[in-house]
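The primary structure of each chain is shown beneath.
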Amino acid sequence: MAVQSLYGVASLLASALFGAFAPAWLVVLVADAIFGAILLAASMLNTILLIWYERKLLGRFMDRRGAMHVGYAGLLQNFADGLKLFRKNTYPPREADVLGFYSGPTAYLVSSLVIFGVLPISTGWDNGSLPLSLLLALVIFSFAPLFIFVSAWSSNNKYSLMGGMRSAAQMIAYEVPILIAVVAVIVLSGSFDLTTIVAEQRNYWFWAPLFLALVVFVAGMLAEMERIPFDLPEAEAELVEGWNTEYGGMLFAFFMLADYLRALIGSILIVLLFLGGWTLPSYVPSALTNFPLAGIVWFMVKTYLVFGLFVWVRASLPRVRTDQLLRVGWMRMVPLSLLSVFLAALVVVSRCLPVIGCVPGMGR
Amino acid sequence: MSEMWINMGPQHPMTHGLWNLRVRIEGEIILDADPEMGYLHRGIEKISEDRHYNEIITLMDRTCYVAGIAWEHLYIQAAEQALHVTPPERAEYIRVLTEEMQRLASHIMWYAAFVQDLGLMSPFLYGMRDRDLLLDIFQSFTGGRLTYEYMRVGGVRNDLPPGTTAQVRQTMDWLMDRFVEYDRLCLGSDIFRRRCDDIGVLKANDCVTYGVTGPMLRAAGVARDLRKDRPYAVYDQLEFDVARADSADVTGRYLVRLQEMRQSVRILRQVVDWLDGHPGPVMAEHVPRWLGAPYAPIGREGYLVKRSYPKGLGFSAIEEPHGEAAAYVVNEGGEHPYRVKFRSPVFVNLSAVKKYLVGYRVADIPPILGSVDVCVGEVDR
Amino acid sequence: MASSEMKERRTEGPSSALWIAKPLATAARQFLKSLVRPSTIVYPFERLEDPQFRDRVRVASGEPIGIGRVWDNYRGVHALNIATCISCNLCAFSCPDLCIDMVTVPGGDPKHPKKCPQIDYGKCSYCGFCSDACPEGCLTMTTRYELATSKRSEMVFSPQQLYEVFERKLPMNPIRLERPENEDAILLEGPLCIGCNACARDCPTQCITMLDIPKPTAKPGERLPKRIWKEPVINDSDCVRCGTCISVCPKECLFWGTHP
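Chains as they are written, first to last, in the numbering used here: chain A, 1 to 364; chain B, 365 to 745; chain C, 746 to 1005.
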């Protein structure tokens, strides 16, 4: 039987292991566990690959080579770094709130990992197709400021505190335009389900009609990921390392992994919402789309290209200041996102696209 | 958030060295600033009293680790005046060559570190890459890449090897193209302008009050440059303009330094042309090759190499990459100078930190202090 | 209070839009250049002193800029030719860091053991004054620069180790200093001399000979000084100005000065 989803893979494995002699509920449980393990491993491996990808790409932008010694072209460098961090000790500061100090990064990492459960990556590979998966993903995505602030506050460090304050202010400020920009997508696609949103893009990708929303969403995602030029919560020059100044060892690795997980999620969301997900335009020769797992492959290619865009931005722009960032967020991005919702509604009502032209039967 | 003091230093990514900036902040606004220097004090002035005239050169290279040869030049001029030695003209030209190359290297290093403070990493590596070409030229005739030990009382250690001038010309052409790239990355970027415009303002009269010199003074609109105003070496025979900007802010200092680099290239091209046409000695006559020993070796304290020179005083002031540096050497006739005193421009520029930091935001500290071009080795000596 | 203390500043930048196209284009151009070959020299595998990696900017600029053509005069670890070393101490005297000790090496007159420099690279500042001071050119600086070690004691290079560096025939600093004319010479204050032969005995270049001087006849009532009636004569062309004679002179009758 052709395995059409990740959960299908897990069930197949579970039934192959226990199917003969275990009750059905146990098989389902084991299948759930295997599903979770595969998801965890896949997201973690992708994150580490993403770090490698950024290092190599950034290296070329900076006229150097990036990691190159451990493994082929430095592929294993991040595992070596992780191993080093794993072996290091974490010392909470003397006056630190230990509970917050340890639970902050853990919750930050876990909340980022959970989002992968609702992200579809190809036709059928959608883990159950929740009707509100987009909303759920964004809700979990916006938990982060809380955890960052908890770990910053409990570190009992002035730099951490300032970084945490900046981070909370920045993330909340950019939550709003992101959500409003997403409303534009929802207006055009008529669904909160990511699978449906991708399916709606089979004729045209949403970036063209919703270009304004895309700009707002990308800028907001840059701020949410805390990447240059919006990485001022960890602004190294003045705040040492921002809200994770006091963290070392594995807890720092948690932060680092969660940061890149969020970068990956951001790229995935951009691909899903605006760049057609795993679909390719119809004029692409079918040889490129008719191989096993073609959807996943194209999806990953798009995701990494989008992330490459973030790396490019990182290599060419300095970071902005807090007040500028917040001013841009509240005074530019929010109106722009509202405008984009209006434009999306206009598209739906007029059934015309700015680039493609009028399409009968478009919209709902 | 209530008011609090935070220590930025002595180990802090912003400091570029070992010093402590204490700032009192309320939220993100700076209410007070208090620089604490002295973490890198090595007693260079005191050690100099126990070293022979030529051996102080090794200390000068370590005074400012990005502008070593400028400090050599500063010291050696004072020492020559104190010892009544006049270097040959070719040596003077070679010194100007090295000083201008050092100015380029120092400013490129400043550019790299400054833009990196703003969060942009690429210019750091571009700057380091381009600076390495200058260090390669330095290495080809001094033998060192950072600590040159090249100048001697009475001239310079050795003449330029053949091919150096051509290499300088090539590198200058290459650097001029890179400066355009630097400007595109910074001035062409609206974020950079928003970060740097109108912060760290230090007006001309405040500069004069506090004794602030160098690019900070020139960025405030004062065309003060010792190379023009009090020409030393052979600067009066070279054509160049004094870089100047009017905005007195961080962008102005950026513009001044970039303009100075272009002027340095202009100077270097003239110097190289002169050097090609005028071979000659690079060491004054009647100067001992090595001027005695500083110490008796352990176990042979009886050994004393007694030499003496006619007494004299030496004073020199040069336009170092960071500002106006001055040296004072007292020769009381012994083997070692009786007293050596240096004026460090960065020490003075940093002392006025309260004047140009209060009222801005915490996020403005790295660009403002980056624009000062802090070199702590020279601050503390 | 905070807002009142804020300094006046323009709220708008030079242009109202976030204008970022130029830096993005510059970085992209650099990216395309670096795709061919970044400027990095991958250090342990590629070395600046290798001629093939010397023109390192060729790729980035299209214009080769020869660097390191004179890499050979880099000031690195010293090489010592023990055979020509004359134990004159000049390197140790000229060292500003006191990192050179003169230690006995085997092979030499048992009465006057041969002493050669031992260098502590933990202290050395690579200024090159020692090799400039060396009159015989036996202590030179080479291009070797890798000294990483886990023990401090391994940073101290004995004369034999320095000789091993010499035997590796690394490129050595080709720029030699010439002896200046009119150098200070060692002069004798005759009446103080007691003719003890210490200077001639310890002179590393054997340029001092003890010549007889006529013994004056004592005037009545005057006692002649109790001494050997010889005086050192220094062959100025052979003298390396090391000052050993001054240091061994028991009567401090030798001193630095200019020939009349």
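Mixed in with the good hints there might be a few duds.
What the hints assert, rightly or not - Calculated cross-link-like contacts (lysine-lysine; reagent style DSS-like; alpha-carbon spacing at most 30 Å):
no.: 1; chain 1: B; residue 1: K719; chain 2: A; residue 2: K158
no.: 2; chain 1: A; residue 1: K84; chain 2: C; residue 2: K896
no.: 3; chain 1: C; residue 1: K868; chain 2: A; residue 2: K56
no.: 4; chain 1: C; residue 1: K868; chain 2: B; residue 2: K410
no.: 5; chain 1: C; residue 1: K964; chain 2: C; residue 2: K975
no.: 6; chain 1: B; residue 1: K705; chain 2: B; residue 2: K718
Unchecked claim - So the derived label-pair ranges between C-beta atoms look like this:
no.: 7; chain 1: B; residue 1: G527; chain 2: C; residue 2: V781; range: 26 to 34 Å
no.: 8; chain 1: B; residue 1: L510; chain 2: C; residue 2: M900; range: 16 to 24 Å
no.: 9; chain 1: C; residue 1: M900; chain 2: B; residue 2: E413; range: 26 to 34 Å
no.: 10; chain 1: B; residue 1: K592; chain 2: C; residue 2: E909; range: 47 to 55 Å
no.: 11; chain 1: C; residue 1: M900; chain 2: A; residue 2: W330; range: 53 to 61 Å
no.: 12; chain 1: C; residue 1: E891; chain 2: A; residue 2: N290; range: 37 to 45 Å
Claimed, not checked - Reference listing, derived: stretches of chain B covered by chain C, where coverage requires no fewer than 3 residues with Cβ under 8 Å from a Cβ of chain C:
no.: 13; stretch: 547-553
no.: 14; stretch: 677-690
Calculated directly from the structure, the hints in this document are not laboratory data. This one's a predicted model, so the numbers in the text were calculated from it and none came from an experiment. Beta carbons: idealized from backbone N, C-alpha and C, even for Gly.
Practice prompt. Mind listing which of the numbered hints don't hold for this structure, in increasing order?
Written response: 3, 12, 14
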